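These are the residues of each chain, in order.
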Amino acid sequence: MHSIPGRRLIMALFLIFLLLPIYWLVNMSFKTNAEIVSTMTLWPHAPTLQHYKRIFTDESWYSGYINSLEYVVLNTIISISVALPAAYAFSRYRFLGDKHLFFWLLSNRMAPAAVYALPFFNLYSAIGLFDTPWAVALAHCIFNVPLAVWILEGFVSGVPREIDETAFLDGYSFPRFFIKILVPLIASGIGVAAFFCFMFSWVELLLARTLTSVQAKPIAAIMTRTVSAAGMDWGLLAAAGVLTIIPGALVIWFVRNYIASGFALGRV
Amino acid sequence: MDKTVNQKAWFLVLPVFLVVAFSAVLPLMTVVNYSMQDTFGNNQFFWNGVGWFKELLDPSTDLGGRFLASLGRNLFFSLVILAIEVPLGIVVALSMPRQGWTVAACLVILALPLLIPWNVVGTIWQIFGRPDIGLLGYVLNAIGIDYNYVSNDIDAWVTVIVMDVWHWTSLVALLCYAGLKSIPEAYYQAAQIDGASRWAVFKAIQLPKMNRVLLIAVLLRFMDSFMIYTEPFVVTGGGPGNSTTFVSIELVKIALGQFDLGKAAALSLVYNLIILIVCWIFYTVMTNAGAERKPQEGAA
Numbered sequence: 001m002h003s004i005p006g007r008r009l010i011m012a013l014f015l016i017f018l019l020l021p022i023y024w025l026v027n028m029s030f031k032t033n034a035e036i037v038s039t040m041t042l043w044p045h046a047p048t049l050q051h052y053k054r055i056f057t058d059e060s061w062y063s064g065y066i067n068s069l070e071y072v073v074l075n076t077i078i079s080i081s082v083a084l085p086a087a088y089a090f091s092r093y094r095f096l097g098d099k100h101l102f103f104w105l106l107s108n109r110m111a112p113a114a115v116y117a118l119p120f121f122n123l124y125s126a127i128g129l130f131d132t133p134w135a136v137a138l139a140h141c142i143f144n145v146p147l148a149v150w151i152l153e154g155f156v157s158g159v160p161r162e163i164d165e166t167a168f169l170d171g172y173s174f175p176r177f178f179i180k181i182l183v184p185l186i187a188s189g190i191g192v193a194a195f196f197c198f199m200f201s202w203v204e205l206l207l208a209r210t211l212t213s214v215q216a217k218p219i220a221a222i223m224t225r226t227v228s229a230a231g232m233d234w235g236l237l238a239a240a241g242v243l244t245i246i247p248g249a250l251v252i253w254f255v256r257n258y259i260a261s262g263f264a265l266g267r268v
Numbered sequence: 001m002d003k004t005v006n007q008k009a010w011f012l013v014l015p016v017f018l019v020v021a022f023s024a025v026l027p028l029m030t031v032v033n034y035s036m037q038d039t040f041g042n043n044q045f046f047w048n049g050v051g052w053f054k055e056l057l058d059p060s061t062d063l064g065g066r067f068l069a070s071l072g073r074n075l076f077f078s079l080v081i082l083a084i085e086v087p088l089g090i091v092v093a094l095s096m097p098r099q100g101w102t103v104a105a106c107l108v109i110l111a112l113p114l115l116i117p118w119n120v121v122g123t124i125w126q127i128f129g130r131p132d133i134g135l136l137g138y139v140l141n142a143i144g145i146d147y148n149y150v151s152n153d154i155d156a157w158v159t160v161i162v163m164d165v166w167h168w169t170s171l172v173a174l175l176c177y178a179g180l181k182s183i184p185e186a187y188y189q190a191a192q193i194d195g196a197s198r199w200a201v202f203k204a205i206q207l208p209k210m211n212r213v214l215l216i217a218v219l220l221r222f223m224d225s226f227m228i229y230t231e232p233f234v235v236t237g238g239g240p241g242n243s244t245t246f247v248s249i250e251l252v253k254i255a256l257g258q259f260d261l262g263k264a265a266a267l268s269l270v271y272n273l274i275i276l277i278v279c280w281i282f283y284t285v286m287t288n289a290g291a292e293r294k295p296q297e298g299a300a
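Just so you know, the sequences run in chain order P and D. Taking the working numbering, the leading residue of the first sequence gets 1, the next gets one more, and so forth. Taking the working numbering, the leading residue of the second sequence gets 1, the next gets one more, and so forth.
Hints may contain errors.
[Unchecked claim] Restricting the straight-line Cα-Cα distance to at most 25 Å, the calculated cross-link-like pairs of lysine-lysine (PhoX-like) are:
| hint | chain 1 | residue 1 | chain 2 | residue 2 |
| --- | --- | --- | --- | --- |
| 1 | D | Lys-54 | D | Lys-203 |
| 2 | P | Lys-99 | D | Lys-203 |
| 3 | D | Lys-181 | D | Lys-203 |
| 4 | D | Lys-54 | P | Lys-217 |
| 5 | D | Lys-181 | P | Lys-180 |
| 6 | P | Lys-99 | D | Lys-253 |
| 7 | P | Lys-180 | D | Lys-3 |
| 8 | P | Lys-217 | P | Lys-53 |
| 9 | D | Lys-209 | D | Lys-181 |
If you are wondering where the hints come from, they were derived from the structure by calculation, not from laboratory data. Model, not experiment: these values are computed from the prediction.
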């Protein structure tokens, strides 16, 4: 791949631009509130772990992380398991209304969450799922399932059709073919799709906040508590923010070799 | 590769259909229902026909004025961030290292902002831009620029735009990078033999190859920026005044703030319709691009 002159400088500047605000957050999370408010220091002069300690010892804080992870994982499992057969169908067969159905799915990925906030609140209250991780996991399906179908369809189409035919000639039943042959072949695609489901469910807040009140409150909503009568608890807010970045960073590390093709949704 | 016609494929699609229908069609029916009614509380509803829609599209009413103003702001915002993020994303993709461990490192750092929860993105920039405790605000004020995103409209806009560039340029860059990676080395060798300039290589080889991913990038960015809610809400709360109130923020204000269900539902439907139309154009262009590509591949 051929690059442009001065590319190292451009890349370095851009990465600094990306990292500087994050560094500032990390920096603040290790400072005492007195240091944050009173002086401008480029690194913590009196480093402290008090904010992290508070988050890890106060149940109302750390339960937020557990709640968030709970609905994110639930959502990823639901999305991938329903999207896999559909991706296969869209990739291999033509059937009544397939194109319309695909467009309809896609259009849901694009629907603004704000439109659905209130109706979801009513719907999940009515069926008794309000304030459970299931409500958020199901609500997030509206944008994650279409995305998963879209990505997986690209990967399934990359598997030669002869493999299906050979498997069926060898006497594989459809479910057995699916689990024993197709799923291992598109394992990286499943990884990429799971990564995207994780990502979009993890970063979404509006629906997650609307659909929970006490029991299943996500960490992102708990963070708003740092505003108190005594003013903002900046250090605590920063520490909570840093901890929300870590799961994402870990997940990126695992899929780093597939990120680029994944973002192109298997359609380069 | 031709697909075979098989109506039984519907059974494979059924789970997706049920899950999405449950989350999409049922709530949408509620919205349609609300949009035709007025409520005075206590769950008493009155038929209002298309009244809300008329009000919504008439700039002289309060609702219409607010809707059209936020729509205008949102369109302007989307165009500005596209104008910045697309060229910048291409430049960053072209600047990617060629091989070695730096590739993985750059990819991971590039993807990092995409995986930060949106309200934390807002929090990061809220802190970073503050003149008293944030590096950016402090430095800008120290070198003599009077910068305060809480009280100044233009500063608030600049903050929201820079934040979006920070948050999403990586997406464009990663997409373009994926497009560039798919170009066979032979193309470049041919260009070298022909003595093509750097610019000619970009125009004749790289840009056409990035066409498809750029299209995905532009449309994803357009639609996501058109629905933006959390980040500006956390940073500016839609202010100062209403200067950074985008459509989603306005909608949530009406729906969950004032509990004006009828108005909010009508706004939702019009908003959704706009996005649906853009999405349809996107889909048509994408499928046509795919159809155009196939014969070429066959010829080659």
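Consistency of the hints with the structure:
The straight-line distance between the Cα atoms of Lys-54 of chain D and Lys-203 of chain D is roughly 48 Å, outside the 25 Å bound, and the hint therefore fails. For the proposed pair Lys-99 of chain P and Lys-203 of chain D, the alpha carbon gap of about 34 Å is over 25 Å, so the pair is violated. For the proposed pair Lys-181 of chain D and Lys-203 of chain D, the alpha carbon gap of about 16 Å is at most 25 Å, so the pair holds. About 38 Å separates the Cα atoms of Lys-54 of chain D and Lys-217 of chain P, which puts this hinted pair outside 25 Å; it is violated.
Proximity of Lys-181 of chain D to Lys-180 of chain P is assessed by CA-CA distance (about 31 Å); at most 25 Å being required, the pair is judged violated. Among the hinted pairs, Lys-99 of chain P with Lys-253 of chain D is inconsistent with the structure: their alpha-carbon atoms are about 36 Å apart, more than 25 Å. Of the pairs offered as hints, the one joining Lys-180 of chain P and Lys-3 of chain D holds, with about 23 Å between alpha carbons and a cut-off of 25 Å not exceeded. For the suggested pair Lys-217 of chain P and Lys-53 of chain P, the alpha carbons sit about 20 Å apart, so the restraint of at most 25 Å is met.
Only pairs whose Cα atoms come within 25 Å are accepted, and Lys-209 of chain D paired with Lys-181 of chain D is accepted, the gap being roughly 10 Å.
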